[in-house]
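*Asks:* The listed protein sequences correspond, in order, to chains A and B. Counting in our numbering, the first sequence runs from 9 upward without gaps. Counting in our numbering, the second sequence runs from 10 upward without gaps.
Any given hint could be a false lead.
[Said to hold, decoys possible] Take a look, some chain B residues computed to stay more than 10 Å from chain A by CB distance: (1) I24; (2) S27; (3) Q31; (4) T33; (5) M36; (6) H38; (7) G49; (8) K53; (9) T64; (10) L87; (11) E107; (12) P112; (13) V118.
[Unchecked claim] Distance condition first, Cα-Cα at most 16 Å in a straight line; then the derived EDC-like pairs of lysine to aspartate or glutamate: (14) K53/B x E13/A; (15) K119/A x E53/A; (16) K112/A x D35/B; (17) K65/A x E107/B; (18) K67/A x E91/A; (19) K53/B x E68/B; (20) K67/A x E53/A; (21) K50/A x D47/B; (22) K119/A x E13/A; (23) K115/A x E53/A; (24) K50/A x D92/A; (25) K115/A x E47/A; (26) K112/A x E23/A; (27) K119/A x E78/A; (28) K115/A x E107/B.
If you're looking for bench data, these hints aren't it; they were derived computationally from the structure. Built from N, CA and C at the ideal position, the CB exists for glycine as well.
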Amino acid sequence: ILNVEQSPQSLHVQEGDSTNFTCSFPSSNFYALHWYRWETAKSPEALFVMTLNGDEKKKGRISATLNTKEGYSYLYIKGSQPEDSATYLCAFQGGSQGNLIFGKGTKLSVKP
Amino acid sequence: NAGVTQTPKFRILKIGQSMTLQCTQDMNHNYMYWYRQDPGMGLKLIYYSVGAGITDKGEVPNGYNVSRSTTEDFPLRLELAAPSQTSVYFCASSLLYEQYFGPGTRLTVT
Chain A
9 ILNVEQSPQS LHVQEGDSTN FTCSFPSSNF YALHWYRWET AKSPEALFVM TLNGDEKKKG
69 RISATLNTKE GYSYLYIKGS QPEDSATYLC AFQGGSQGNL IFGKGTKLSV KP
Chain B
10 NAGVTQTPKF RILKIGQSMT LQCTQDMNHN YMYWYRQDPG MGLKLIYYSV GAGITDKGEV
70 PNGYNVSRST TEDFPLRLEL AAPSQTSVYF CASSLLYEQY FGPGTRLTVT
């Protein structure tokens, strides 16, 4: 059974703090690692798709790194804002036609 | 583009009733998926389709059926609703990597 683990489960930070969370995934049969942002009462929206070991992606204040050999990815948020409050999901894809295996997410709350 | 649309948004069913959750995408994506999301759990794949006429089981297919007669539509059918099927259901589609999600259907079975 493939397992995707995310930590921490939840995180409370103050506005302006920088934060990061982890996604662990199987290191074998890797094809892609996906990060999604999921706001309450909305649907998940794709942030990044990462395919190569050592990949680093950035979108505004949010960035992600990927280590496929050891099976982890980090998501960083610099200078958190209240609008960053959401659940951040990662998903492992094994094989080009492999389905996504989602973690349970990290719920981020940013207090003004 | 409307993207991925789902109907209904909410539904309450009695045990044993049946219903179809509708999903439509206008992006000409080959891949379509149905997930359910339960509190404290990640998204679980119910069924998926790689193109019209082709469907396959995901992680939690029991109690559900799907069909894919066109590229655009991927309905999910519950034949005999059970309380364990109370959940939020998301439909998604993709061309290659990135999946685009619909707004979800919140289903309660009592």
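*Asks:* Taking the hints in turn, state whether each one holds.
*Replies:* Verification of the hints:
no. : hint            : result
1   : I24             : holds (27 Å)
2   : S27             : holds (25 Å)
3   : Q31             : holds (15 Å)
4   : T33             : holds (14 Å)
5   : M36             : holds (13 Å)
6   : H38             : holds (13 Å)
7   : G49             : violated (7 Å)
8   : K53             : violated (8 Å)
9   : T64             : holds (13 Å)
10  : L87             : holds (20 Å)
11  : E107            : violated (5 Å)
12  : P112            : violated (5 Å)
13  : V118            : holds (21 Å)
14  : K53/B x E13/A   : holds (14 Å)
15  : K119/A x E53/A  : violated (22 Å)
16  : K112/A x D35/B  : violated (29 Å)
17  : K65/A x E107/B  : holds (15 Å)
18  : K67/A x E91/A   : holds (15 Å)
19  : K53/B x E68/B   : holds (7 Å)
20  : K67/A x E53/A   : holds (13 Å)
21  : K50/A x D47/B   : holds (15 Å)
22  : K119/A x E13/A  : violated (26 Å)
23  : K115/A x E53/A  : holds (15 Å)
24  : K50/A x D92/A   : holds (14 Å)
25  : K115/A x E47/A  : holds (10 Å)
26  : K112/A x E23/A  : violated (24 Å)
27  : K119/A x E78/A  : violated (33 Å)
28  : K115/A x E107/B : violated (21 Å)
Against the hints set out earlier in the document, violations occur for numbers 7, 8, 11, 12, 15, 16, 22, 26, 27, 28.
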